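In case you want the letters, here they are:
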Amino acid sequence: MTEAEVEDKRITLAEAAKMINDGDGLFWGGFGYQRAPIAFAHELVRQKKRNLTVYTCGSEVDLEIMAGAGVASRYEIAFSAIEALGLSYNIRRRVSEGKLAVEDYTNLAMAMRFLGGALNVPFMPLRSMMGTDLVNLRRYRGDDKLKVMDCPFTGDKICIVPSLQPDYSIVHVQRVDKVGNAQIDGIVGEDLEGSRCGKKLIILAEELIDNAEVRTRPDQTKIPAMYVDHVVILPYIAHPMMCHDYYDYDLEHLMMFHKMTRTEEGWQEYLDNFILGVDDHHGYLVLVGWENLHKLRATKPWGY
Amino acid sequence: MMVEYTKTEFLIACASSHVKDGEMVFGGTGMPLLAALLAKETHAPRSNLISEAGFIDARPREVPLSVADSRYYYGCSASIGLIETLGFLLQAGRIDVGFLGAAQLDEYGNLNTSYIGPYDAPKVKLPGSGGGNDIASSAKRLIIMMAHDKRKFLKKLDYMTSPGFLDGPGAREKWSLVGGGPEVVITDMCQMDFHPDTKKIRLKSVHPGFTVQDIQDNVMFDLIIPDDVPTTEEPSQEQIDIMHKLDPNGIYLGKGG
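Protein sequences, first through last, are from chains F and H.
Read in order, the letters of the first sequence correspond to residues 47 to 350 in our numbering.
Read in order, the letters of the second sequence correspond to residues 686 to 942 in our numbering.
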């Protein structure tokens with residue numbers, strides 16, 4: 047078989063963030079503490095993006111950063127908190143100030159909206175939310191938030207949610223080859239649907255592997271290259287969150303982040319130090335300290 | 686011999702007693718997770734612990750801080766994703782028990798985890814539904830765990846995030862909800878369940894050290910009081926020991942516990 051010349055989709059983090067226009071909509075990958083594209087959130091902040099709409103189920107520190115720094119003005123999400131650590135103070139403040147509008151859905155509803163977008167159908171039915179204020183109360187989407195209808199086949203009540211095809215999908219994975227075959231270990235959350243629903247897909251990966259390596263474990267390729275427009279390779283993209291089999295969350299940093307965001311002054315200090323005070327992701331990693339980062343390396347077989 | 690226990694330990698032991706052997710359980714994090722794990726270590730070894738992030742049949746050796754924490758991964762028998770757990774399993778009616786907490790609860794067992802204060806000018810934005818509404822809509826049974834605070838047990842919620850029995854008998858059927866609704870509310874003072882006909886909240890048992898009057902004084906909705914209100918069973922030393930083995934660093938149990 048002849049080896050065809052393959053496209054190299056690699057670009058830098060700064061180049062990737064530069065593509066995002068003010069006012070764009072982004073599918074935001076990762077779930078809970080897992081595979082959060084924190085480095086991308088930092089770069090959006092450094093490039094002073096504004097009025098982004100972010101679509102996701104339950105991202106945490108990244109949503110706090112984008113709300114706090116004024117990068118995002120609209121969230122269509124199901125969940126905002128740092129789970130076991132507690133409430134999201136930045137989001138809470140920006141909502142109270144009227145600077146952030148949150149259109150509330152459930153995790154399944156958001157996953158279905160991404161699935162609908164990926165399948166290129168206008169809406170998806172689901173059996174959650176009915177009878178509650180998730181149906182009754184709406185913000186900027188108004189009538190287009192969702193509808194409850196009688197199923198045309200059975201007559202039963204069913205909820206339908208509008209599908210999403212945002213400008214970009216931002217997804218963080220463990221490994222990728224330069225063509226874009228992206229491999230995810232551990233859970234996928236809603237990233238299979240989310241990676242396929244955006245008009246463009248940017249993959250952020252911890253590790254570059256050769257296409258030959260992809261072909262030794264094709265079952266791990268959760269996002270084949272044909273969906274992928276751009277690839278960014280960097281270490282510790284999710285810090286202070288975790289990346290399965292690569293590194294654990296940085297609990298000390300997470301607790302410091304959560305504590306500092308309690309007040310606007312504390313958050314501004316964090317923002318100035320860790321995000322605006324460094325030139326790029328490498329600067330951030332140096333500031334966190336390589337010694338600290340190495341301590342977070344995952345141990346086999348635990349994955350953290 | 687008197688067994689000494691904290692409020693948290695009591696809540697966890699009490700909640701774990703509602704998990705039956707062989708059941709499919711949505712675990713989450715925090716106290717519900719410890720309750721599900723305790724059940725698995727004691728009377729329900731064949732229960733299947735599922736995290737909505739995608740972990741199935743989980744046996745974490747350290748307590749996860751997130752439903753997506755890799756601590757859920759090692760030892761689980763499948764690691765998939767959200768459409769799998771909330772869609773194929775939960776919405777398809779395959780989940781027996783879900784656990785939820787809330788900032789507010791009303792007399793039909795409806796839950797608020799979204800906003801304190803008016804929707805248009807909220808005083809506090811809470812975490813929101815996450816998978817909570819999905820679980821309350823579609824799990825066969827719902828176990829609600831809350832710290833007992835009078836201001837949390839209200840006639841009218843600031844925001845209804847997740848369905849209990851909505852506005853009463855027949856409401857879940859009207860909206861074609863898959864699951865059966867709340868079975869029990871466990872607080873650190875009592876257990877409450879729901880009258881089978883009216884679907885209104887009623888006192889089920891009072892924890893040792895509290896009286897029926899204490900409970901009535903500490904809820905803001907009307908509570909049905911049956912003639913005979915038993916005392917809730919106390920946790921055993923074995924249960925407490927297992928709990929601390931599951932959470933040796935006191936992440937959820939607290940250092941002093």
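Hints may be right or wrong, so weigh each one.
To be verified - Dumping the calculated SDA-like pairs for lysine to any residue here, alpha-carbon to alpha-carbon at most 20 Å:
no.: 1; chain 1: H; residue 1: Lys825; chain 2: H; residue 2: Ala856
no.: 2; chain 1: F; residue 1: Lys346; chain 2: H; residue 2: Arg744
no.: 3; chain 1: F; residue 1: Lys191; chain 2: H; residue 2: Asp852
no.: 4; chain 1: F; residue 1: Lys203; chain 2: H; residue 2: Gly786
no.: 5; chain 1: H; residue 1: Lys825; chain 2: H; residue 2: Asp873
no.: 6; chain 1: H; residue 1: Lys705; chain 2: H; residue 2: Tyr804
Unchecked claim - Here's a subset of chain F near chain H, in silico, CB distances under 10 Å, partners left out:
no.: 7; residue: Val52
no.: 8; residue: Leu131
no.: 9; residue: Met156
no.: 10; residue: Leu331
no.: 11; residue: Val332
No lab work stands behind these hints: they were computed from the structure.
All values derive from a computational prediction rather than experimental measurement.
Virtual Cβ for every residue (Gly too), placed ideally from N, Cα, C.
Going through the hints against the structure:
1. This hinted pair checks out: Lys825 (chain H) and Ala856 (chain H) have alpha carbons roughly 16 Å apart, not beyond 20 Å.
2. Straight-line distance between C-alpha atoms of Lys346 (chain F) and Arg744 (chain H) comes to about 17 Å, which keeps the hinted pair within the 20 Å bound.
3. Under the criterion of a C-alpha separation no larger than 20 Å, the hint pairing Lys191 (chain F) with Asp852 (chain H) is inconsistent with the structure, at around 23 Å.
4. With a CA separation close to 27 Å, the supplied pair Lys203 (chain F) and Gly786 (chain H) exceeds the 20 Å bound.
5. Distance check on the hinted pair: Lys825 (chain H) and Asp873 (chain H) sit about 24 Å apart at the alpha-carbon level, beyond 20 Å; violated.
6. This hinted pair does not check out: Lys705 (chain H) and Tyr804 (chain H) have alpha carbons roughly 38 Å apart, beyond 20 Å.
7. The interface hint given for Val52 (chain F) is broken, as the beta carbon of that residue sits about 29 Å from the closest beta carbon of chain H, more than 10 Å.
8. For the restraint placing Leu131 (chain F) at the interface with chain H, the shortest Cβ-Cβ distance is roughly 7 Å, inside the 10 Å limit, so the hint holds.
9. For the restraint placing Met156 (chain F) at the interface with chain H, the shortest Cβ-Cβ distance is roughly 9 Å, inside the 10 Å limit, so the hint holds.
10. Checking Leu331 (chain F) against chain H by beta carbon gives a least distance of about 21 Å; that is not within 10 Å, so the hint is violated.
11. The restraint placing Val332 (chain F) at the interface with chain H is violated, with a minimum CB-CB distance near 26 Å, outside the 10 Å limit.
Against the hints set out earlier in the document, violations occur for numbers 3, 4, 5, 6, 7, 10 and 11.
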